[in-house]
Amino acid sequence: MTWFETLRTAGDAVRAHRLRSLLTMLGIVIGISSVVLTVGLGLGAQDKVRDQIDALGSNLLIVSPGSSTGTGGVRGGFGSSSMLTLADAEAIADKAVAPDVARVAPTTSTTTSLAAGTTNWTSRLVGTTTTWEQVRSRTLASGRFFTADELTTGADVVVLGPDTSNELFSFGSPVGQTVTVNGASLTVIGVLEASGATTEDSNEDDLAVVPITTAQRLGGSTSIAIATMYVEATSADTLSAAYQEVNAALLTAHDVTGEEADFSIATQDALLETANSTNRTMTILLAGIAAISLLVGGIGVMNIMLVSVTERIREIGLRKALGATPSAIRRQFLIEASLLGVFGGVIGVSIGVVGTVVLPDLIDQPVSISAPAIAAALLVALGLGVGFGVYPASRAARLTPIDALRSE
Amino acid sequence: MKAHGADARPILDLTGVRKTYSTGAVAVEALRGIDVQINAGEYVAIIGPSGSGKSTLMHILGCLDVPTEGRYELAGRDVSDLDEAELAAIRNREIGFVFQQFNLLADMTALRNVALPLVYAGVPGHERERRARQALERVGLGDRADHRPGELSGGQQQRVAVARALVTEPAMILADEPTGNLDSVSTDDVLGLFAELHEAGRTIVLITHDHEVAEQAERVLTIRDGEISEAVVVP
Ligand SMILES: Nc1ncnc2c1ncn2[C@@H]1O[C@H](COP(=O)(O)OP(=O)(O)OP(=O)(O)O)[C@@H](O)[C@H]1O
Ligand SMILES: [Mg+2]
Numbered sequence: 071m072t073w074f075e076t077l078r079t080a081g082d083a084v085r086a087h088r089l090r091s092l093l094t095m096l097g098i099v100i101g102i103s104s105v106v107l108t109v110g111l112g113l114g115a116q117d118k119v120r121d122q123i124d125a126l127g128s129n130l131l132i133v134s135p136g137s138s139t140g141t142g143g144v145r146g147g148f149g150s151s152s153m154l155t156l157a158d159a160e161a162i163a164d165k166a167v168a169p170d171v172a173r174v175a176p177t178t179s180t181t182t183s184l185a186a187g188t189t190n191w192t193s194r195l196v197g198t199t200t201t202w203e204q205v206r207s208r209t210l211a212s213g214r215f216f217t218a219d220e221l222t223t224g225a226d227v228v229v230l231g232p233d234t235s236n237e238l239f240s241f242g243s244p245v246g247q248t249v250t251v252n253g254a255s256l257t258v259i260g261v262l263e264a265s266g267a268t269t270e271d272s273n274e275d276d277l278a279v280v281p282i283t284t285a286q287r288l289g290g291s292t293s294i295a296i297a298t299m300y301v302e303a304t305s306a307d308t309l310s311a312a313y314q315e316v317n318a319a320l321l322t323a324h325d326v327t328g329e330e331a332d333f334s335i336a337t338q339d340a341l342l343e344t345a346n347s348t349n350r351t352m353t354i355l356l357a358g359i360a361a362i363s364l365l366v367g368g369i370g371v372m373n374i375m376l377v378s379v380t381e382r383i384r385e386i387g388l389r390k391a392l393g394a395t396p397s398a399i400r401r402q403f404l405i406e407a408s409l410l411g412v413f414g415g416v417i418g419v420s421i422g423v424v425g426t427v428v429l430p431d432l433i434d435q436p437v438s439i440s441a442p443a444i445a446a447a448l449l450v451a452l453g454l455g456v457g458f459g460v461y462p463a464s465r466a467a468r469l470t471p472i473d474a475l476r477s478e
Numbered sequence: 025m026k027a028h029g030a031d032a033r034p035i036l037d038l039t040g041v042r043k044t045y046s047t048g049a050v051a052v053e054a055l056r057g058i059d060v061q062i063n064a065g066e067y068v069a070i071i072g073p074s075g076s077g078k079s080t081l082m083h084i085l086g087c088l089d090v091p092t093e094g095r096y097e098l099a100g101r102d103v104s105d106l107d108e109a110e111l112a113a114i115r116n117r118e119i120g121f122v123f124q125q126f127n128l129l130a131d132m133t134a135l136r137n138v139a140l141p142l143v144y145a146g147v148p149g150h151e152r153e154r155r156a157r158q159a160l161e162r163v164g165l166g167d168r169a170d171h172r173p174g175e176l177s178g179g180q181q182q183r184v185a186v187a188r189a190l191v192t193e194p195a196m197i198l199a200d201e202p203t204g205n206l207d208s209v210s211t212d213d214v215l216g217l218f219a220e221l222h223e224a225g226r227t228i229v230l231i232t233h234d235h236e237v238a239e240q241a242e243r244v245l246t247i248r249d250g251e252i253s254e255a256v257v258v259p
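So the sequences go chain by chain: W and U. In terms of my numbering, the first sequence has 388 at position 318, counting the first letter as 1, and numbering is strictly consecutive. In terms of my numbering, the second sequence has 49 at position 25, counting the first letter as 1, and numbering is strictly consecutive.
Isolated chain U, as found in the complex (with noise of 0.2 Å):
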C-alpha cells in the first residue's frame, strides 16, 4: 500500500523545529527550522553530508531528545506534553531503532538482546523468546539465537539490531546510518529487509550520506547546516 493518497495523514510532523546545542559560550545550532511531513507507510531516506544535523534529526524523530523550539507531533500527539515514562513507552511500542554502531549488549545472546523491548513491554518471558525466535528467522539469523554479538559478523549484527528494531511491531523503524559499517553484501541484507517491512506496511525513515542507499527509498529528504530540502521524487 502507497500512503501517497488523499487521505494520508502524516505520522511525524515537524513545524519550524529547531535545535540548538550551547557548549560553554558556543551555541551550534544543529537544526535551524525544520518543516516536514512524513506519512504512515512512506520509506523516506534523509541524505546529507558530515555534520548537517541528520543524527541530531533522528533523535528527535524518535524522542530520544526534544526541539529547542518548534512543534514535533508523533501520530497526533504534541510530543513536548509527554513525560519521560510516556516518551519510553512510545519508543517501546511505536518506534524500532537501528543504529550505525548496531548497539547490541555484549553479555546477552541474539535472542535476549532482540527480546529485550518486549521486557519494558511487559510481555511474558516464553511470548518473548517466541516472538525474538520468530523476528531473527524473519532476518534469516534463526540458527544463532544462542550466539553472543561478539561471535556474530558486523553484517549479522545488524541484522539482529533489525530483528531486534521489529520485534514489537512498530508502526516506524528509524534507522541512523544503519548500513555505515558494513559492506556490500550485508548493505543489500539489511536494505532488502527494510524493503520487505516497507511492503508489509511500516513507515521507514533512513538516515545516510550514501546516495546509493538513498536511492532505495521513495522519498528523499537532503539536509543541509540544519536546513531540509526535498529531493527529486525517486521513480
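So here's chain W without its partners, still in its complex pose (with noise of 0.2 Å):
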C-alpha cells in the first residue's frame, strides 16, 4: 500500500466524522495558539524592554544612590549618607579623575502639580543641567533647552514633553506661555520631540524638565536629593572603563570602601537583563501552562483514536481479511492521528498568528511573530499526533483479523 494510498485513507476517516476531528483537534488548536501568543507576548515585552532602555541614550551609566547586591538587588541605604550631591556629580564630569566619562547629567524627579490657565495636570519634574539633552539623545520639537546661564541663575524656565504640552496647552504652541508649579511661574522656553519609549510606569513623553537649581528652589530645600546619575562614556569601548573610573571618583567622594558602597551602578545592558530576566520567568511560566495544555490536547487525540480504532474494528477486520498486514493498518492509523495533530497545529498557528496580529489592539502590549516558534510548534502538534497515536494504532494493528470481523 502506497503513502499516498494511505494519507487518503486516513483523510477519507477524519473528513468522516468532522465534528469529531475538530473536536480532537481542540486540544491542540488550543495549545498551539496559546504557545505561539504566550512566545509572541514575551518576545514583544522583551523588543519593548530594549527599546526603552535603548531610548534612555547610548554608552549609558546608570548611578543610583544605595547600595546594591549585584544586579538589580537593592540593599537598604544608610540614610543621609547614601545620596547623591552635585558635588559627585562634578567630580565624575573632572576629565582628570574619568577621562572616558563623556557627559553626566544628574537628575532630580518628583512628581508636581503643573498649572497653565485653568487648566491642570500632573506630571513629573526633573530637575537636571544642560547636559541632559546630550546624555538622553533627546531633541527638541520646539524652542530650546535652557542654558549654562539660566542653569547657575535657578531661571524660572521649563522645557516640557510633549504629552504634557498637549495636556496644558491642547495642542496649541506652548513657548513663551506660562506654567505655574508650586507658585512659582516659569516660561515655556521648548518642547521635546516625542522619545516613542512610553510604558505606564514611565512616560518619557510626560515631564517637566528645569535646572537642577530651580527644581532645588521650588522644592524648598538645596538639598533635594539626586534621583538618577545619568553618565555617558565617551564610547562604546570605554564604557567599562569608564564604570571603574565613575566608580573609584564615587567611593572616594563618599569616602568608603567598595563593600560599603553606598550607591549602584547599572549598566544598560545589565538593567535590559533584569528586565528580561523577569520577562522570561513569565514566558516560560506561560509557554509552560500552554504546554500541559499541549499534552491534554495530545491524550485527546489518544482517547478518539482508541475510540475509532474499537469503532472501526469491523472496518479493520475487513481490511486484514482483503490483505491488509498489520504494518499497513498501523500506518493508517499513525498517519490519521498525524493528520488530526498537523491540522490542529496549522488551525492553532493560524489563530496565533490572527492573535499576535489584533491583540496588540487589544491590550496595548507588543506581540512579536517568531518564525522559529511557528516552527517548533508545527512540529510539535506532528510529534504530538504522532506520539499519540503509536499506541491506539499498534492496537489495531495487532487485533486478529477474526476478532475484528466477528465483533457486531
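Everything labelled a hint here was simulated from the structure, so no lab data went into it. Misleading hints may appear alongside valid ones.
Stated by the list, open to error - Taking beta-carbon pairs under 10 Å as the criterion, some of the chain U residues facing chain W (in silico):
#1 S79
#2 G86
#3 D102
#4 D105
#5 A109
#6 A112
#7 F123
#8 L128
#9 L129
#10 M132
#11 V143
#12 T192
#13 R243
#14 T246
Built from N, CA and C at the ideal position, the CB exists for glycine as well.
The task is to assemble the complex, starting from two chains supplied on their own in separate frames and drawing on the hints.
So, in C-alpha cells, the structure goes:
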C-alpha cells in the first residue's frame, strides 16, 4: 500500500467524522495557539523593554543612590549618607578623574501639579543640568533647552515633554507661555520631541524639565536628593573603563570602601538583563501552561483514536481479510492521528498569528511573530499526533482479523 | 475443466484440524478433527446446521484464524509456518471472500470498495480503477460504480462483494452464507455468478445451511458438531 493511498484513507476517515475530528483537534489548537501567543507576548515585551532602555541614550551608566547587591537587588541605604550630590556629579565630570566619561546629567525627580491658565496636569518635574539633552539623546520639537546661565541662576524656565504640552496647551504652541508650579511661574522655552519609549509606569514624554537649581528652589530645599545620575561614556569601548572610573571617583568622594558603597551603577545591558529575566520567567511560566494544554490535547487525540479503533473494529477486520498487513493498518491509524495533529497545529498557528496581529490593539502590548516558534509548534503538533497515535495504531494492528470481523 | 483427474493436486488439505475456543472456564470444541482435501477447480458446498462449525472452518480455510491442532496446507504450504504479513499476502492474492453481511465499507463508492484488495496488492491507481470497473461489469453493476452501499439493494451489495472477491483474480473463492440475506431472485443472481466463476476454473467453497443452494455445487460436505462427512455427489 503506497503512502499516498494510506494518506487518502486516513484523510477520508478524518473527513467522515468531521465534528469529532474538529473537537479532537481542539486541545491541540488551543495549546499551539497559546504557545504562539505567549512566546509572541514574551518576545514583544522584551523588544519593548530593549527599545525603552535603548531610548535612555547610548553608552550610558545609570548611577543610583543606595547600595546594591549584584544586579537588581538593592540593600537598604545608610540614611543621609546614601545620597548623590551635585558635587558627586562634578567630580565624575572632571576629565582628570574620569577621562572616559563624556558627560554627566544628574537628575532629581518629583511628582508635581502643573497649571496653565485653568488647566491642571500632574506630571514629573525633572531637575537636571544642560547636559541632559545630549546624555538622554533627546531633541527639541520647538524652542530651546535651558542654558548654563539659566542653570547657575536657577531661572524660571521649563522645557515640556510633548504629552505634557498637549495636556496643558491642548495642541497649541506653548513656547513663551507660562506654567505655574508650586506658586512659581515658569516660562516655557521648549517642547521635547517624542521619545517613542513610553510605558504606563515611566512616560518619557510626560515630564517637565527645569534647571536642577530651579527644581531645588521649588522643592523648598537645596539638598533635594539626586534620584539618578546619567553618565555617558565617550564610546561603547570605553564603557567599562568609565564604569571603573565612576566607581572609584564616588568611593573616594563618599570616603567608603567597595563593600560599603552607598550607590550602585548599572549599565543598559544590566538593566536589560534584569528586565528580561522577569519577563523570561513570565514567558516560561505561560509557555509551561500552554505546554500542559498541548499534552492534554495529545491525550485527547489518543483517546479519540482508541475510540475510533474500537468503533471501526469491523472495518479493520475486513481490511485485514482483504490483505492488509499489520503494518499497513498501523500506518493508517498513525497517519490519521498525525493528520489530526498537523491540522490542529495549522489551525492553532493561524489563530496564534491572527492573535498576534489583533492582540496589540486590544491590550496595548506588542506581540511578535517568531518563525522558529511557529515551526517548533508545528513540529510539536505533528509529534503529538504521532506520539499519541502509536498506541492506538499498534492496538489496531494487533487485532486478529477474525476477532475484528466477528464483533458486531 | 473438471479437477477430478488422477493428477489433481489438492489446493486445500486439512488433516486432523481441531479448533477449541476457551472462553473462561468453558472450552467449546468447534471443530473436532477435520480431514478434508479440496482440489483446484472444485466447486464444494459445506452444509450444516447452525453452530456446527461452518464459519469456524471457513475462517481457518481463509487464513483468518489458525487451527488449535492439526495441519492445514494451502497450495502445498503449511499455513502454520507463515507469519501475519505472509498470511495477509495469501488472503490478498489467493483468496476472495464473500460474507453473509456483505462487509462493504459504507463511506466508499462501489468502485472503491471493489478496488480495496488491489490497494493492498500495490496495484497503481489507474490500473486499479480499470480492473474494479471490469469486475463490476462482470457482476452486472457497471452502471452503479459511483453508488455507495447504502444506495444499493441487498442483492446488489452482495454482487459488489462478489466483484471485490474476484477482482484480484484469486484461485479460490470462499463464501460464508452468501445468500443468507438475499431473496430468491438475488440468490439466483449470486449463484449464477459462482457457476460462471467455476466454469472459468476457480475453486469455490460455499458455506450454507440451505440444501437448494448446496445442490449447485459438484460436491457437498456435511458438517455436524464439528465433524465432517462426505455427502452423495450430486449428479
Ligand atoms: N469466538 C468464539 N468464542 C467461543 N466460542 C465460539 C467462538 N466462535 C464460535 N464459537 C462456537 O463455536 C461453535 C461453532 O460456531 P460457528 O460460528 O462456526 O457456527 P456456524 O456453523 O457458522 O453457525 P451459523 O450457521 O449459525 O453461522 C458454536 O458453538 C459457537 O458458539
Ligand atoms: Mg456462521
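How the hints compare with the structure:
1. S79: holds (9 Å)
2. G86: Result: holds, 7 Å to nearest chain W Cβ.
3. D102: violated (19 Å)
4. D105: violated (17 Å)
5. A109: holds (5 Å)
6. A112: Check passed: Cβ of U:A112 comes within 4 Å of chain W, closer than 10 Å.
7. F123: holds (8 Å)
8. L128: holds (8 Å)
9. L129: holds (6 Å)
10. M132: Hint holds; U:M132 Cβ to chain W Cβ min 8 Å, cut 10 Å.
11. V143: For U:V143, the interface hint holds, since the closest Cβ of chain W sits about 5 Å away, which is under 10 Å.
12. T192: holds (8 Å)
13. R243: The hint is violated - U:R243 has no Cβ within 10 Å of chain W, the shortest such distance being about 25 Å.
14. T246: violated (24 Å)
Checked against the numbered hints listed earlier, the structure breaks hints 3, 4, 13, 14; every other hint is satisfied.
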